Amino acid sequence: MDLDRSPADEAFRAEARAWLRARVPSEPLPSLETAEGFAAHRAWEAELAAAGWSVVNWPRRYGGQDCGLLRWLLFEEEYYAAGAPGRVGQNGVSLLAPTLLDHGTEEQRARVLPPMATGEVVWAQAWSEPEAGSDLAALRARAVRGDGGWLLSGQKTWSSRAAFADRAFGLFRTDPDTPKPHQGLTYLMFDLRAPGVTVRPIGRLDGKPAFAELFLDEVFVPDEDVIGEPGQGWRIAMSTAANERGLTLRSPGRFLASADRLHALWVERGCPEAAAAQVADALIGARAYQLFTQAAAARFLAGERLGPESSLNKVFWSEYDIALHETALDLLGAPEAQGEAADTDWSQGYVFALAGPIYAGTNEIQRDIVAEQLLGLPRGRRR
Amino acid sequence: MTSPGPAAPPPRFLLDAEQRAFARSLDAMLGAAGTPAVIRDWSRGERAGGLALWSRIAEAGVFALAVPEAYEGLGPRPVDLAVAFVELGRHAVPGPLVETVAAAALLLEPGPAERFLPALATGRSMATLAAAGSYAVDGDAAELRLAVDADGLRLAPGHGPVRPSLDPARRLTRLLPGGELLVPDPPVDRGLRWARLATAAQALGVGLALLERTVAYVGRRVQFGVPVGSFQAVKHRLADARIALEFARPLVLGAAVTMSAVDVAAAKVSACEAAYATARTALHLHGAIGYTAEYDLSLWLTKARALRTAWGTPQECRAEVLRGHA
Numbered sequence: 001m002d003l004d005r006s007p008a009d010e011a012f013r014a015e016a017r018a019w020l021r022a023r024v025p026s027e028p029l030p031s032l033e034t035a036e037g038f039a040a041h042r043a044w045e046a047e048l049a050a051a052g053w054s055v056v057n058w059p060r061r062y063g064g065q066d067c068g069l070l071r072w073l074l075f076e077e078e079y080y081a082a083g084a085p086g087r088v089g090q091n092g093v094s095l096l097a098p099t100l101l102d103h104g105t106e107e108q109r110a111r112v113l114p115p116m117a118t119g120e121v122v123w124a125q126a127w128s129e130p131e132a133g134s135d136l137a138a139l140r141a142r143a144v145r146g147d148g149g150w151l152l153s154g155q156k157t158w159s160s161r162a163a164f165a166d167r168a169f170g171l172f173r174t175d176p177d178t179p180k181p182h183q184g185l186t187y188l189m190f191d192l193r194a195p196g197v198t199v200r201p202i203g204r205l206d207g208k209p210a211f212a213e214l215f216l217d218e219v220f221v222p223d224e225d226v227i228g229e230p231g232q233g234w235r236i237a238m239s240t241a242a243n244e245r246g247l248t249l250r251s252p253g254r255f256l257a258s259a260d261r262l263h264a265l266w267v268e269r270g271c272p273e274a275a276a277a278q279v280a281d282a283l284i285g286a287r288a289y290q291l292f293t294q295a296a297a298a299r300f301l302a303g304e305r306l307g308p309e310s311s312l313n314k315v316f317w318s319e320y321d322i323a324l325h326e327t328a329l330d331l332l333g334a335p336e337a338q339g340e341a342a343d344t345d346w347s348q349g350y351v352f353a354l355a356g357p358i359y360a361g362t363n364e365i366q367r368d369i370v371a372e373q374l375l376g377l378p379r380g381r382r383r
Numbered sequence: 001m002t003s004p005g006p007a008a009p010p011p012r013f014l015l016d017a018e019q020r021a022f023a024r025s026l027d028a029m030l031g032a033a034g035t036p037a038v039i040r041d042w043s044r045g046e047r048a049g050g051l052a053l054w055s056r057i058a059e060a061g062v063f064a065l066a067v068p069e070a071y072e073g074l075g076p077r078p079v080d081l082a083v084a085f086v087e088l089g090r091h092a093v094p095g096p097l098v099e100t101v102a103a104a105a106l107l108l109e110p111g112p113a114e115r116f117l118p119a120l121a122t123g124r125s126m127a128t129l130a131a132a133g134s135y136a137v138d139g140d141a142a143e144l145r146l147a148v149d150a151d152g153l154r155l156a157p158g159h160g161p162v163r164p165s166l167d168p169a170r171r172l173t174r175l176l177p178g179g180e181l182l183v184p185d186p187p188v189d190r191g192l193r194w195a196r197l198a199t200a201a202q203a204l205g206v207g208l209a210l211l212e213r214t215v216a217y218v219g220r221r222v223q224f225g226v227p228v229g230s231f232q233a234v235k236h237r238l239a240d241a242r243i244a245l246e247f248a249r250p251l252v253l254g255a256a257v258t259m260s261a262v263d264v265a266a267a268k269v270s271a272c273e274a275a276y277a278t279a280r281t282a283l284h285l286h287g288a289i290g291y292t293a294e295y296d297l298s299l300w301l302t303k304a305r306a307l308r309t310a311w312g313t314p315q316e317c318r319a320e321v322l323r324g325h326a
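One line per chain: the protein sequences are A and B, in this order. Those letters in the first sequence? Residues 1 to 383, by this note's numbering. Those letters in the second sequence? Residues 1 to 326, by this note's numbering.
For reference, chain B alone in the conformation it holds in the complex:
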């Protein structure tokens, strides 16, 4: 993650060679990690594999991108973070990834920053986060449980029972009320922007993986003597998925550049809707096998649904776009 040499001019509107290499190396690392088994363990509350993967993601510098250099981070570098989250989504990595990034954005006050950010940046701890009374993802796994209530940002004293999510890898927990008040007037807008950006990028990666898996499947599934992927009805659904994802991608990267509330909301709704539409197509084109929990496709299918409403429903994000349009 060093800056490009003077020979390389900063590319306008495009990722630079280093960012593309960063994505490829994360993709390779996560691909080799065999995430499906890790995800299934995580869903049962068996966290050893997930924690090991978390450490490797932290070593690659992913969480550090959300944390300033003063607190052992490399950031804030939202474009690189978005690049990384696309890859995390592509491999359906479990754990409170988005929440850890959003927590870093909320804890930027000098005292709490010194106390918590180095551990988040280096992967020594994971955070979860929720508005008081709302469900927090993976409250049983995160050491740092943060709740925003009327008084500010609190360190929640614990969590309630795990409630299953449609995506079994997202373990929903209510945080217990009270606890130490960390930041009386936290930058909620900033936290939300980082959460939405990371969710949008993650959803884009989920959608890209669903598309890739489905293209491979319809290329080998034979009916009527030919691969079903040679039928126009099948091709056109996949073409539409590709189009939706390709037009969500520049919104995600553009939002990471501007970090404006409007651009981030637009990216969130587009990426999540594209991923969800791709999930519907992926399920349908796989047929009955896609409808089973046993088949790994389910790990991505269910995440696409969950991310659609995480950190801003489509309605909330569209309302933000309309509010912010000059």
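Just chain A, same shape as in the assembly:
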């Protein structure tokens, strides 16, 4: 066992660090959940892409450096340590792109991935519906066969980034007569500005339109925008959800940097003893997540299927993220009583973190997966 990095890895890290030091904006960009901030973040993605840093672990032909997961982890450490902006393209990059790499056609990859890498096309997800949340397979939005493609009708909701994004991907029911609800679903990509699409932004807890409802009325999707075979959508969505996505949805770099900042805040406040345990746990948790992810990535690269293990990850980081931000807000509470100020990086990070246990499969769904698929406990009703 070895935790050392090769000289080539360290050179990669140094190169990333130097570029980020020179180029990360000195003033934070406006929130990406506003029109102005969304545009600024899109421009930042273009700048990253021009220098080859936007999707380092992708194949070169789509705009990456083909650097591998382990160097991607190093890049992420440098990225967040440099205080670089949040990634407006995250939905597409961490959810749609791995799906296309596994299940898409070469034509789809060549057409979709390069503009995703540059931020020219920003993607929203369209999974949930008013009556299909944790029970995603209960979804009802349908795709009906038309001439040369499909016509989408129905309603999607809690669609992250959809207020300002260009396109969306999600599951639709193409066969309403299957014996089981997760059969007859198809994975589709569609244009958010196509005729028949109405986007109604929804204000999240702090009022910013971080997600939206989508109303779809016979929206045409050409056959070339179907991923995999019609009717195979559930299997395709889940296989990606459980594998690489489990590793790339939240990188350890983000939490290592946040834990460092929390420690600095604690020191700045005079090292209050009352917060010592929480601050130590933030440092320990970030290190645990870093080491866990490195080992998981190494096993993934050795050909192991991670599958349900990604559920361990999701519960860990989503709860960790909230605890870390709560500690920071508590520290800000004295002596200047600014723990409740809404415009600090900490409070904005807190609002963002609060959604973590809910999206991408609630933590209850993840615990069911851990219990049933990793521990082998009997399946039962969700009660």
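Please keep in mind that the hints were generated in silico from the structure rather than gathered at the bench. Nothing here was measured: the structure is a model prediction, and the numbers come from that model. Every residue gets a Cβ at the ideal spot worked out from N, C-alpha and C, and that includes glycine. Among the hints, a few may not be true.
[Claimed, not checked] Chain B is faced by these chain A residues, among others (derived, beta-carbon under 8 Å):
1. A277
2. V279
3. L291
4. I365
5. D368
6. L377
[Stated by the list, open to error] If you want the ones that stay clear, here's a sample from chain B, every Cβ over 12 Å from chain A, calculated:
7. A60
8. P68
9. A267
10. E320
[As the list claims (entries may be wrong)] Per the computed footprint, the stretches of chain B lying under chain A, defined by three or more beta-carbons under 8 Å from a beta-carbon of chain A, are:
11. 25 to 33
12. 303 to 310
With the hints as your guide, set chain B onto chain A.
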């Protein structure tokens, strides 16, 4: 414990095939040894079974991992040692395991090393260790009783009466003051790092065993006509235990690689808290039967509590993490 052939590249971030095989063979050996009866005897001061098991653990090379080759050891190999201690914890093996390893780390001066380390490496003697005035585990069983006082590391002349621990297999004894001064300026930091690493690994193994036993129990215990393990309230507690243990494991192995004071303290607090939380869950999900001394689960439950404060309370370990953070 030979090195892998040239065909196998050293795996980054992962145990190699040989380390995994070492863990499996220890697990099999300890499983066949029937540790619960040995533990119960040990708790009453009847040591024959425990001493026989100690010899077999030594023959497998476990203590030698903490001792350099010059003194009949195979080490120092902290990663392999951590792998072994997970298995010792999994089977709740009794005796001053951690203390023997920490003693080896403290006795590395040429004179004392030649005199004591070969016997520790080969299992001919067991050691216990404590700061002067503190309780030493199994002082009645260990031939080598070491005390650290203001002058250095001493060979304690004896021990006081046995005081029971919450974990009956850990027999607490105060070491008598005075005795031969072995090392005037012992490497206390190194001893503490080895003690904490071994305790963390042992606690991880205790937690894994508690989880495994509880999963098996809730799968066969039927209430309302179904196994209680099919209830979401039960599943989620066990899922949380699994998550805590899975995130403690890389900290333990990572600490064994770096042996930095911060990483070792982080591993200690995480593994011990994960094991303790798992113990609480295990007790609760077993219901009343888990609350009995007679049921073997108690052998692991009580150890999880004892290890939490052994060689560094959670507060002390967190303070170390904060002190060492650059």
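TODO: Check each numbered hint from earlier against the structure, then list the numbers of those it violates in ascending order.
DONE: When the structure is compared with the hints, numbers 4, 9, 10, 11 and 12 turn out to be violated.
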